[in-house]
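**Student:** Let the hints inform the model, and build the full structure from the sequences given.
Listed below, chain by chain, are the residues.
Number of protein chains: 2
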Amino acid sequence: MKDSEYKIGIDIGGTNTSLGIVDNNGRCIKKKSFSTSANKSIEEFIAKLVSSIREISTISSREVRPAGIGIAAPAAQRREGLIQNPANLLWGTVNIADLLKQHFDIPIAVINDSNAVALGEMKYGLAQNMKNFVAITLGTGLGAGVVVNGELVNGENGFAGELGHIVVEPNGRMCGCKRRGCVETYVSATGICRTAIELIANELDVSKLRALTYNELTAKTLYDLAVAGDVLALKAFQVTGEIFGKMLASTVVSFDPEAIILSGGLVRAGELLLKPTLKSFDENVLSSLGGKVAILPSRFSNGEGAILGASSVVEITETVSAD
Amino acid sequence: MKDSEYKIGIDIGGTNTSLGIVDNNGRCIKKKSFSTSANKSIEEFIAKLVSSIREISTISSREVRPAGIGIAAPAAQRREGLIQNPANLLWGTVNIADLLKQHFDIPIAVINDSNAVALGEMKYGLAQNMKNFVAITLGTGLGAGVVVNGELVNGENGFAGELGHIVVEPNGRMCGCKRRGCVETYVSATGICRTAIELIANELDVSKLRALTYNELTAKTLYDLAVAGDVLALKAFQVTGEIFGKMLASTVVSFDPEAIILSGGLVRAGELLLKPTLKSFDENVLSSLGGKVAILPSRFSNGEGAILGASSVVEITETVSAD
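Quick mapping for you: the protein sequence lines, in order, are chains A and B. This note's numbering puts the first residue of the first sequence at 217, with every later residue one more than the last. This note's numbering puts the first residue of the second sequence at 217, with every later residue one more than the last.
Rather than coming from a laboratory, the hints here were simulated on the basis of the structure. Some hints here could point you the wrong way.
Any copy, or any two copies together, can satisfy a pair, since identical chains are not distinguished.
What the hints assert, rightly or not - Pairs of lysine to aspartate or glutamate, EDC-like flavour, derived with a Cα cap of 20 Å: (1) 248 to 458; (2) 317 to 271; (3) 347 to 367; (4) 508 to 296; (5) 394 to 499; (6) 264 to 419; (7) 424 to 367; (8) 247 to 499; (9) 424 to 271; (10) 246 to 296; (11) 394 to 321; (12) 491 to 432; (13) 508 to 372; (14) 264 to 321; (15) 508 to 498; (16) 248 to 260; (17) 218 to 498.
**Tutor:** What follows is the structure, given as structure tokens:
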């Protein structure tokens, strides 16, 4: 295989950054992940990223020269290669493409992380034959990439599909966007932890959650407790699924998609989340759309959708850049 | 002007049906309107429609033969020319295109009424240079046509952009769609009347509304009372605008449009509705989108957007149909 047939896909998240080297069949043949350490400087982050790219580019003891690098990041601005003051990273606005260019003289493209997931599904995943679908990622927040008539919906300012900020509870929970009641304050890895804390306050059930601080609590802990039968942990998934199902019912009247594809850490809870979500969706969907929208967990292992989608953005750039 | 340069545009509403003959500059040169009488049979309706089409087709004492007929209707299915069991009409599912074909042997196309309004704005109105916009019509319900990347968003089943059925109040008002809390139960000509009745119950202000039955109440009455200074009528517009502004804030995170163009009877209330709407929108919009979306009342006189949009659908059909 020629070097030019490999591409790097990077997914910068609020907690972890994952990257992989992808061959031209859309297989991620080597992967790596490191802590984003969003509170440290962008220079430290770039240094870690550069060494990680070199590490995964070393295949059979030889460092290949990939055809390009695609970066998925929150609040990314594709045209100029910027990450614009994202809520979960403290770097302000940085030109991540330019910063990486100082180390790799190959085409570099930047894309919104949720759009990267949608592209990954469209190019290599469950949406390969779909013209209208929504890809939702439940991580630290709720991200969404929307495809309409076969094209990504970016909107005028690149903010289309910011479905995490649809308000589901007037005067509800405070959101990082400084408004109240956004769906991602309920339906996300963070949201379910906030729900668990609220349940401790509201309910009287015996629960191991009562011995944990909010700081200690993670979606993974909740999952483990729920599997072990903890009543409040189970209720947290139940409540989250109910709100998620209602939100999906509103999403389908906006876009009337063929499918909604779910990914992200919280979706790995499987039936614990999906069962109440589907039940609530069925109860709340507009009757004319009942039974017409598939709600499917992604087939990609965690984070791979964004890596694959990011790597595929370079292909577009590649044909434009002189190389 | 040749006959082939005229087209008929029809807008079938729950209360009134409007139609016009449109020249190839997008000017509606003759218009007519009649009561839809949705509770009578479809045969009676078609008879009235046929005579109205003949009436407006008579220009300078001569009946011209238009190039085609475009029909905007609720719950319309473009591909097969159907009106599918619309909430506000009691005809069940009818093939309106076939029924009219028995009287006029010219191309006939059917389009969802809200999409017709969006097409009218895109072709002849405020959205002539826009690639991303939303056209919202406040009539009996709340209809919306969405354009993304320069194309109408239809979705898989033609139900995309059914924004009137976004739930804004969990466990709120009963909607014709059999769910509760849909935005159109608050923000529409009917919605504002329901709000007025609720205000009579909740508030103690002296108001002429207290002497009216719900059956007597119309948005026009509310408008007249508000202009005359009636406190509850004024509050009804205030409350409606607050809910509408919040809904528009959710709409922009879905589509990130350049503009939202408003039309329909209730919008003719002007500042009474627009002022609280814009205030609430500004207070509730995601900060990154603040100041970036124009909210504009349509420049078309009432109903003309749908007539123009409907007439423009024929152009597409025309090139396909043998004539």
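**Student:** Taking the hints in turn, state whether each one holds.
**Tutor:** Each hint, compared with the structure:
1. Taking the shortest alpha-carbon separations for residue 248 and residue 458, neither the intra-copy value of 35 Å nor the inter-copy value of 48 Å comes in at or below 20 Å.
2. Taking CA atoms no more than 20 Å apart as the test, residue 317 paired with residue 271 passes inside one copy only; the shortest distance there is 17 Å, against 69 Å between copies.
3. In this assembly of identical chains, the alpha carbons of residue 347 and residue 367 lie at most 20 Å apart whether taken from the same copy (8 Å) or from different copies (13 Å).
4. Within a single copy, residue 508 and residue 296 get their C-alpha atoms only as close as 38 Å, which misses the 20 Å cut-off; across copies the closest is 19 Å, which meets it.
5. Only between protomers do residue 394 and residue 499 lie at most 20 Å apart by alpha-carbon distance; the minimum there is 11 Å, versus 31 Å within a single protomer.
6. In this assembly of identical chains, residue 264 and residue 419 lie within 20 Å of each other by CA distance neither inside one copy nor across copies; the values are 45 Å within and 63 Å between.
7. When the C-alpha separation of residue 424 and residue 367 is checked against a cutoff of 20 Å, the pair qualifies neither within a copy, at 47 Å, nor between copies, at 53 Å.
8. In this assembly of identical chains, the alpha carbons of residue 247 and residue 499 never lie at most 20 Å apart, being 40 Å within a copy and 44 Å across copies at closest.
9. Proximity of residue 424 and residue 271 under a CA criterion of 20 Å is satisfied in neither setting, with 42 Å inside one chain copy and 77 Å between copies.
10. Proximity of residue 246 and residue 296 under a CA criterion of 20 Å is satisfied in neither setting, with 28 Å inside one chain copy and 50 Å between copies.
11. In this assembly of identical chains, residue 394 and residue 321 lie within 20 Å of each other by CA distance neither inside one copy nor across copies; the values are 39 Å within and 59 Å between.
12. For the identical chains of this complex, residue 491 and residue 432 are neighbours neither inside a copy (27 Å) nor across copies (47 Å), given an alpha-carbon limit of 20 Å.
13. Taking the shortest Cα distances, residue 508 and residue 372 sit within 20 Å of each other only across copies (9 Å), while inside one copy they are farther apart (30 Å).
14. For a Cα distance limit of 20 Å, the shortest separation of residue 264 from residue 321 inside one copy, 18 Å, qualifies, whereas the shortest one across copies, 71 Å, does not.
15. Within a single copy, residue 508 and residue 498 get their C-alpha atoms as close as 10 Å, which meets the 20 Å cut-off; across copies the closest is 35 Å, which misses it.
16. For a Cα distance limit of 20 Å, the shortest separation of residue 248 from residue 260 inside one copy, 17 Å, qualifies, whereas the shortest one across copies, 70 Å, does not.
17. For the homomeric pair residue 218 and residue 498, neither the shortest alpha-carbon distance inside one copy (49 Å) nor that between copies (54 Å) is at most 20 Å.
Violated hints, in rising order: 1, 6, 7, 8, 9, 10, 11, 12 and 17; the structure is consistent with all others.
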